[in-house]
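Chemist: Sequence:
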Amino acid sequence: MASESAKTGHPAPNFNATAVMPDGPFTDVSLSDYKGKYVVLIVYSLDFTFVCLTEITALSDRAEGLRKLNCQVIGASVTSHFCHFPWIKSPRKQGSLGPMSIPLVSDPNHTIA
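Quick note, the sequence shown lines up with residues 1 to 113 if you use UniProt numbering.
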């Protein structure tokens with residue numbers, strides 16, 4: 001949970017959340033896990049919608065190149081991590097994300113964004 005509001009020109013406030021990791025398991029993650037790295041936090045509305053689907057998959061497809069630049073991409077939505085899991089396990093050609101290279105965090109209480 002974020003303890004303070006974000007302020008322009010300041011480091012982002014830390015958050016803790018449950019995420020579905022690229023290799024599948026649920027893991028608790030914190031923004032502080034990525035200390036010393038650039039972080040791109042892509043916030044989207046809900047799983048299994050077409051809003052931001054192309055942006056999320058495009059960033060995931062480029063995640064390895066971004067990691068080489070010391071940058072980590074994290075997806076976040078209000079949807080439960082239990083819903084994130086089947087969304088990454090279903091094929092892209094069926095309107096899902098398919099395999100991802102980035103963690104997807106759950107923010108059901110709107111504390112991250």
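It is possible that part of the hints are untrue.
Computed spacing ranges between beta-carbons, pair by pair [to be verified]:
no., residue 1, residue 2, range
1, Pro22, Val43, 14 to 20 Å
2, Asn70, Phe50, 30 to 36 Å
3, Glu4, Val51, 23 to 29 Å
4, Leu46, Ala12, 20 to 26 Å
Derived from the structure by calculation, the hints contain no laboratory data. All C-beta atoms, glycine included, are put in the ideal place defined by N, C-alpha and C.
Chemist: All the hints need checking, so say for each whether the structure fits it.
Modeler: Do the hints match the structure? See the list:
no.	hint	result
1	Pro22 x Val43: 14 to 20 Å	holds, 19 Å
2	Asn70 x Phe50: 30 to 36 Å	holds, 31 Å
3	Glu4 x Val51: 23 to 29 Å	holds, 28 Å
4	Leu46 x Ala12: 20 to 26 Å	holds, 23 Å
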